[in-house]
Each structure stands twice: as structure tokens, then as C-alpha cells.
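Visitor: Given the coordinates of chain A, work out where chain B should sit on it, guided by the hints.
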Amino acid sequence: MPVEAIADKSLLWTVILGLGAATFLLRFSFLGLIGNRLIPGFLLKMLRYTPMAMIPGLVAPGVVWPAATGGEPDPARLLAAMVTIAVGIWFRSTLAAVGAGVAVLLLGLWGLG
Amino acid sequence: MPPSLAPIFRQAPIFRQALLRAMPFTVMIVPFGALFGVLATAQGMSVFEAMAFSVVVIAGASQFAALQMMQDGAPVLLIILTATAVNLRMAMYSVAMTPHLGMAPLWQRAVIAYFLVDQSFVLGAAEYERRPEWQLAEKLAWYAGIVTPICGLWYLATWMGATFGKAVPPHWPLDFIVPVSFLAMIAPILLTRAQMLAAAVSVGGTLALWWMPHSSGLLVAALAAMLAGAIWETREEARHAG
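If you read the sequences in order, they're chains A and B. Everything in the first sequence is counted per our numbering, starting at 1 for the first residue and increasing by one. Everything in the second sequence is counted per our numbering, starting at 114 for the first residue and increasing by one.
The set of hints was computed from the structure by calculation and includes no laboratory data. One thing to keep in mind: the hints can contain errors.
[As the list claims (entries may be wrong)] What follows is a list of derived Cβ distance ranges for each label pair:
id, chain 1, residue 1, chain 2, residue 2, range
1, B, MET216, A, TRP110, 56 to 66 Å
2, A, LYS9, B, ARG244, 42 to 52 Å
3, B, LEU133, A, ARG92, 16 to 26 Å
4, A, PRO73, B, VAL333, 15 to 25 Å
Please read all numbers here as calculations on a predicted model, not as lab measurements. We put the CB at the ideal spot given by N, CA and C, even for glycine.
Next up, chain B with everything else stripped away, as it sits in the complex:
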């Protein structure tokens, strides 16, 4: 065992606490992972390819986005660009994690980065704020306890969906389960005016720019939506300050 790992393994109680803390969040992981496996194989991927997708990319929303754009026959660079844009928020997670985990050795930071998903950010950042006395070993043990069930179940659910997906009756409206799931992910986090404005600009802009080739209008609309949200937030702050 590398010497940098030994202190982490002494934090088993924290690891177990984190496992429990992550449990409620696995409720959404399993159906989404399974749905990805089902859709990927229904569109012609092998079980191995669907698994490779979930293991290499490990970011659900962008995987569904890539799947949809491949179905639309978009050029490969635009598929990668659009699906990557769905993951831009992860750069913000990376910023948020740096003060807590930035002093870990490089290889550990690479592992942390690979497992940096919505849940590890939300549950990690929240707990690190609550426990300022934690040293690096404790923080890493907590992180490992969060990502083990979340990411492990993501792989497992993809495999289950890909393997047993053929049992899904063909007349099920699977095409529309993905949009419903996406909307269900976004609606509960529309808390502020700025967030609602961003969502509205995103919808209006994409529909207005639908004439642009291969849904490239989506990227333009998303950039406008991000600007709109950030500008609105800045104005609100100025109003409260004044």
C-alpha cells in the first residue's frame, strides 16, 4: 500500500457514515443507469459498449445527450461538444473541491476528479463545510464512502439495463422517458428567478434557433441562458446591497 493511503484506511468509521449518507441518493441512480443501458442496446450498442460509455464518461445527463445526438445523426465533433457542454458544471465542482482536497498527491487528485459527479460534489462539499476540523485523510475517507455506492450502482445499473433491456415491451414510449427524466431533474432545482430565467432562455433560444444545422443552436442558446442567469443574479445582488 502506498504510504499516502494508510491514513485513509484508518478512517473506516467515516467511510461507513458516508456509505449510509449516500444511500438515499442511490434511488435515482439505479433507474437512470438502467434506462441508459436499455436505450444504448436498443439503439445498437453491445453490452460492452454501453458499459464502456458509463465507465469512461460516468456522467448520466451527457450520456443521454450524446445518445440523442447520435440518433439525430449529428457530426461527431458536435456530439462531443454538446455532450461536454452538459458537463461544464463539473469545472465548478472542481473549483469547489480544490480547497478541501487540493493537497492530495497528484494521482489521488486524478482519481478524485474521475469520481467527481453531482452527488459527490453535493454530499462532499456540504459535509466538509460542517466539519472544518477534518484533515485530508478524513475528507478522503468520506469521499470514498460517497462514491462507492453512487458510482458502483451506476455501473451495475447500466449493465442490468443493457443485459435485460430486451425484456422491455417494444411499444413502451421509451423515446419520451428521457425528456421526462431530464425535466424531472431540472424542475426541482429551479429555485430562484435567475435559474428560471436561464431555463426559459434555454428553451426559447433552442426552439428559435432550431433552423441551425444539427441542433447547434442549443449551444448558442445555452451560452445565452448562462449569461442571462449570471447577469440577473448579479443585478439582484446589487439591488440587495443598495
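Looking at chain A on its own, in the form it has when it is part of the complex:
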């Protein structure tokens, strides 16, 4: 499934270089430019929540309305997502969570699909 935005090479390189530059600036920010100046504590607190603020939202629409089924909720994918979260929270292990999620997804697609 070739994607338009990737077939358009100028667009693709804009994303690669733009994202690369912006990400580097985030990494370089304090270390390189700002140094040890006072940073508001509340801002630091907010930054610590970026992983759980961005990633669940990034994933959620694809879990509830997967493109592969034309946006129809799909029991196998919903179940796989729930098992991944449950195993991840229970065992505190990314590897175990991926393994369980993929296993449930394959079983579900095979059994329910």
C-alpha cells in the first residue's frame, strides 16, 4: 500500500528533516543553549507526562475505528488492545505485553474473523 505522502519525495524529506531538526532542538535545548537556568517546576512536571499524554491518544482511534476494517469496530483488535494494556500493567513488562497482545490479535483474527 504505497502512500501518497511518501511517494511525494519533497514532502517525505520535509517530514524527515523537519522532525529531525525539531527533535534535535528539544534534546539540545537546555544542554546546549539554556543551561542551568531556572525552569518553572510545573512545566517540568507537564513534560514528564508527554508519553502517557500523546501515545494513548495516538493509538485510540485506530483501536476503536481501525482503518483495516473500514472504520468498523473490530472485536479482535479491541480485545488485543485490552489484553496488551492489562498484561503491561500487571507484569510491568513491555515484552510480555507485546507478546500477549500479538498472540490475542492473531488468535482473534483467526477465530473471530
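Guide: Relative to chain A, chain B alone:
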């Protein structure tokens, strides 16, 4: 060799300790890097372009986010903005590293910043706290020992996935391996109420704002989630203090 590098090269034992310390963390790097290579080429990138992505950006979650948004046909500025937002935590890593590595020369700080990923932050910060007697040369040798296997394998795994990805059977549900991997990354680090609240606001907010064009509701929901987490944490602190 520039004179600022010589003291670092005298710290070979620390470099080797760090290599060993990083090993368990490479277990996740290889499948994620390979998956990125497979998906990138399956969606039309050349091996060179997939490699450029991993070398220039060197931040897995944001690379997958960019890939997904390109697939959705979002405008280029929104793709860059959203994928960059996934990396906002790196500004916090930068803050945390400054007291330890901030006195290195500018060019070395630029190199350190380029390699500042989750693992170099976690393993770096933890060890620097444990070894307050370490001078800059020791800290830099440790850092180099951590990022060599982590980042080296990230490039190598991307290349392997991009090169051999066509061998993956087409009926595999690759579309859903990325969401599963993302959830598997986040679930184990949901330790506090505030973190769970942030995740819940992120999910609820994005779904409620899905009518906004090109998943721009995600950024609004993420900002709300970060605020919710930080406010909850502040309230908990006040409760314990009182």
C-alpha cells in the same frame, strides 16, 4: 584527537561496563527498529529513505507517529508538529542531563543531545546519581558506552527491516502491531494515579475531538492530559504535605 577527547579514552573500563549495562535494553530496540524498516518500505520508502528517517530523527515513537499521519494524508506541518510533540519529553531529559554533562564543550554537547534517547536518559541519570565522584570524562565514557549498542542497533535493525521486509507475508496484521507495541510501551509505566489520569484524558479527549481535521484533536487532548497529570500530582503533593 582533540585534547578534550583524550581523558574520555582513558576510561575504557567504564565504557565496557556501560556496554554490558545497556544489553538488556537492546531486546526492545531490535524488533521496533525492524518493524519501522518493514512498515516504511511497505508504504513506499526506499531503504535509503527509511535509514535516513532513523538516523536523522532517531526517536522510534515519533517515527511511527509520523508514518501513521503520512498514511492518513495529514498536512505536512501537522505531521511534524504531532510527531515532535511525541518527543517533548526529551526537553525534560535535556534538563536532567545539564547538571552532569553541561560543562562539556559545545560540540560534545551537540553530540550528546543527538544521542539523548529514553535509554541514554534512564541509564545515564540513574548511574550519575549513584556515582557522585565521577568527573566529566567518566560520565562521558559511560554515556558513550550506553548509546553505542542502543543507537547502533537502532540503525542496524531499521536497515534489516527495510531490506528484508518484503519477506513478511502480506496477510500479517502489521497495521495493528504498531498500536499493540505503543500500548505495551505505555502500560508498564502507568504507576501513579496521575499517570493513569493523563492516559485516560488522552484517550477520551482524542476520541471526543476526532471530528477535528487531520487528527489535530490529538494535540489538544495531549495538552489537556499533561495539564491533568501535573495538576493531580501537585494536589497529591499538597495532600501529603498537609
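Visitor: Please name the hints from earlier in the document that this structure breaks, with their numbers sorted from lowest to highest.
Guide: none
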